[in-house]
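**Q** If you're matching them up, the sequences are chains A and B in order. Sequential numbering of the first sequence, starting at 1, is according to this note's numbering. Sequential numbering of the second sequence, starting at 1, is according to this note's numbering.
Since the hints were made in silico from the structure, they are not lab data. Ideal placement from N, C-alpha and C gives every residue a C-beta, glycine not left out. Just so you know, not all the hints are guaranteed correct.
Simulated coverage check for chain B against chain A, where a stretch passes if three residues somewhere in it have a Cβ under 8 Å from a Cβ of chain A [unchecked claim]:
1) 53-63
2) 73-84
3) 88-96
4) 99-107
5) 120-134
Here are a few chain A residues that sit away from chain B, every Cβ distance over 10 Å (derived from the structure) [said to hold, decoys possible]:
6) Leu5
7) Asp166
8) Leu396
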Amino acid sequence: MRSGLPFEWIAASRFLVEGRMQTISIVAGVSIGVGVIIFMSAALAGMQANLIRRVLSAQAHIVLLPPQEVARPLRAGARGESEAAIVQKPYQRVRGIDQWQKVMRDVAEMPAVVNVSPMASGPVLASRGEATRAVSIMGVDPDLYFRIIALPDKIVSGEARLTSNDIVLGVDLASDLGVVVGDKIRITPNSGTGIDLMITGIVDLGNKGVNQRNTYVALHTAQALLGLVGGVSSVDITVRDVYAAEDVAQAISAATGVEADSWIMTNAQFFSAVNAQVIANTTIRFFVGLAIAFGIAAVLIVSVVQKSKEIGILRAMGASRGQILRVFLLQGAVLGLVGSFAGSSLGGAAIWLWQVLVRNPDGTPLFPMEQDPRLFAGAAVLATLTGLVAAVAPALRGARLDPVVAIRA
Amino acid sequence: MPEAVLLLEGVKKSYGVGTPAEAEVLHGIDFSLGKGDFCALMGPSGSGKSTLLNLIGLLDRPSSGRLSIDGRETSGLDDRALTALRGHHIGFVFQYHHLLPAFTALENVMMPMVLDRGRPNEAMRARAEELLRTMGLTEWREHLATNMSGGQQQRVAVARALAMNPSLLLADEPTGNLDTKAAQVVFDLMKEVNREHGTTVLLVTHNHELAAQCARTIELVDGRIVSDRRASAPAAPATA
Ligand SMILES: Nc1ncnc2c1ncn2[C@@H]1O[C@H](COP(=O)(O)OP(=O)(O)OP(=O)(O)O)[C@@H](O)[C@H]1O
Ligand SMILES: [Mg+2]
Chain A
1 MRSGLPFEWI AASRFLVEGR MQTISIVAGV SIGVGVIIFM SAALAGMQAN LIRRVLSAQA
61 HIVLLPPQEV ARPLRAGARG ESEAAIVQKP YQRVRGIDQW QKVMRDVAEM PAVVNVSPMA
121 SGPVLASRGE ATRAVSIMGV DPDLYFRIIA LPDKIVSGEA RLTSNDIVLG VDLASDLGVV
181 VGDKIRITPN SGTGIDLMIT GIVDLGNKGV NQRNTYVALH TAQALLGLVG GVSSVDITVR
241 DVYAAEDVAQ AISAATGVEA DSWIMTNAQF FSAVNAQVIA NTTIRFFVGL AIAFGIAAVL
301 IVSVVQKSKE IGILRAMGAS RGQILRVFLL QGAVLGLVGS FAGSSLGGAA IWLWQVLVRN
361 PDGTPLFPME QDPRLFAGAA VLATLTGLVA AVAPALRGAR LDPVVAIRA
Chain B
1 MPEAVLLLEG VKKSYGVGTP AEAEVLHGID FSLGKGDFCA LMGPSGSGKS TLLNLIGLLD
61 RPSSGRLSID GRETSGLDDR ALTALRGHHI GFVFQYHHLL PAFTALENVM MPMVLDRGRP
121 NEAMRARAEE LLRTMGLTEW REHLATNMSG GQQQRVAVAR ALAMNPSLLL ADEPTGNLDT
181 KAAQVVFDLM KEVNREHGTT VLLVTHNHEL AAQCARTIEL VDGRIVSDRR ASAPAAPATA
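Construct all of the structure, not just a fragment, from the sequences and the given hints.
**A** Below, the structure written as structure tokens:
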């Protein structure tokens with residue numbers, strides 16, 4: 001008995017050491033539970049972060065659009081309905097955003113907004129010799145646009161140079177047309193005459209459909225091709241907090257009257273999948289926590305029964321009910337805490353093993369797991385609280401034990 | 001007249017109150033013990049000796065009657081007050097299950113002081129070592145209780161009962177499962193404490209030789225006191 005240590009600590013630790021097998025078993029049980037929770041949460045967080053990173057590397061957080069000519073599906077209607085259906089846009093002509101310079105300036109001044117970049121885009125035909133493809137032409141100001149979509153990082157050959165007569169296109173389109181960097185292709189709008197542009201770069205945007213469809217040119221080149229002189233068809237925006245994009249989009253809509261679509265809206269299906277995972281994870285956590293709580297409670301109930309003589313003796317020596325109560329509450333908390341430490345190491349080891357063993361064919365990790373220290377701290381706090389709560393019933397039972405009966409037993 | 005260390009007036013105890021098995025075990029007990037009394041409590045098995053001792057030790061409450069310890073009437077006290085009174089005024093020695101197996105002899109003796117103050121300190125350790133020394137157990141102080149003989153364990157239990165310097169020492173057949181020699185050693189230690197510190201002792205025993213060495217003997221039969229004798233002078237230890 002170290003001087004100065006409270007009686008409750010001394011008795012709780014002695015009882016735990018005395019019941020060695022029980023203590024080891026329940027700590028093992030708690031640590032497996034905590035390990036599973038930590039591994040699962042890290043895997044889920046890593047997967048989500050990875051998916052979001054992928055989605056956002058090829059997409060602006062918010063896109064401003066002119067009012068639509070064709071009615072869009074009414075969002076206010078059936079909630080939870082899939083919105084993945086591609087809404088057919090009118091092909092007749094490309095419409096611009098009214099007073100886009102003012103709108104862009106207003107938006108750029110909002111504190112939540114990081115970058116803005118105007119774009120003139122529309123459908124055109126790309127042809128090289130006999131081969132012709134319907135593609136989408138995107139006229140951008142490279143200085144602004146590359147801050148939102150890092151095209152230079154996605155270059156597979158050539159460079160992301162966009163002067164008046166340059167064009168950058170997706171890898172699949174390049175192979176469909178059989179062109180390489182340095183070749184010329186003809187771009188023909190729906191109305192009007194086509195022009196020849198030189199391919200300066202070929203990019204991989206990470207998605208075959210996009211790689212077959214996207215071509216990038218200078219803003220004024222697209223404006224001339226699409227009959228949008230001085231106008232833009234959309235404005236791309238990035239924001240500080242990607243999860244707040246929808247709120248920012250609504251604020252922009254309210255302030256400017258322009259339609260603003262956030263990546264959260266346009267990826268509604270993706271988000272409902274993420275939500276389903278979060279719900280599944282929470283459910284599993286809850287039930288693992290419950291199993292831990294019942295395990296600790298069971299061990300402590302047995303311990304109270306086994307220790308009833310000692311409890312009686314302690315009471316006869318002047319121990320108060322409160323002291324007995326705290327001895328067992330403390331044991332529950334300690335079991336939870338020690339179990340969570342062991343479980344954190346277990347979970348950490350599992351995460352490390354996963355990163356080392358489960359890899360893509362090219363040897364990179366399948367996805368990076370998030371080893372958030374807050375996850376470990378949270379698990380320790382929660383497991384300790386769970387142990388404490390689980391100990392309430394056994395501790396009350398111990399505290400209420402009739403010392404006469406306990407000693408007689 | 002000095003205040004009684006222990007005073008019982010019309011103490012009754014029933015078990016199973018409100019059930020068909022309700023039975024009155026003690027039928028109105030009156031007696032008192034003064035400071036320095038050394039009293040044996042005898043009687044056939046089932047006569048209510050342990051029941052009475054548990055009431056006096058404030059581990060249980062009488063069904064009716066009054067019980068005072070060091071002048072404090074106990075019937076109106078709540079559990080907290082009873083615990084405090086028990087801790088400061090009463091020392092217990094039991095027949096079985098006497099020591100805490102997870103603790104050493106020294107720690108067992110320190111325990112009543114630790115419980116009282118909430119945490120151990122060096123003064124408690126010193127007092128426990130002194131008590132173990134008087135019990136002749138200095139070299140056993142770091143042993144776990146379970147590794148000691150019955151007689152040694154019971155001497156540790158006596159030392160522990162004396163830790164808080166109680167005015168009343170209660171012992172329920174403390175020598176019941178010891179051989180004659182070990183029993184006499186434990187008994188003599190209790191007598192020494194009684195003589196040197198004036199501790200009042202109430203001792204339940206079936207052993208007539210030991211009872212004969214007590215200044216006073218109360219006999220209980222079927223929950224009633226049938227005799228209360230005082231020896232004019234303590235008898236000398238009987239030779240077997
Ligand atoms: N908790 C209880 N519930 C019901 N009856 C009880 C209880 N405790 C004791 N008794 C009864 O009370 C009577 C007295 O018991 P007690 O243990 O006080 O006797 P004792 O004199 O100490 O006997 P012994 O010498 O065998 O230890 C017995 O008839 C016993 O059966
Ligand atoms: Mg008895």
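**Q** Take the hints in turn and mark each one as holding or not.
**A** Hint check:
{"no.": "1", "hint": "53-63", "result": "holds (count 4)"}
{"no.": "2", "hint": "73-84", "result": "holds (count 4)"}
{"no.": "3", "hint": "88-96", "result": "holds (count 3)"}
{"no.": "4", "hint": "99-107", "result": "holds (count 6)"}
{"no.": "5", "hint": "120-134", "result": "holds (count 4)"}
{"no.": "6", "hint": "Leu5", "result": "6 Å, violated"}
{"no.": "7", "hint": "Asp166", "result": "80 Å, holds"}
{"no.": "8", "hint": "Leu396", "result": "14 Å, holds"}
Checked against the numbered hints above, the structure breaks only hint 6 and satisfies the rest.
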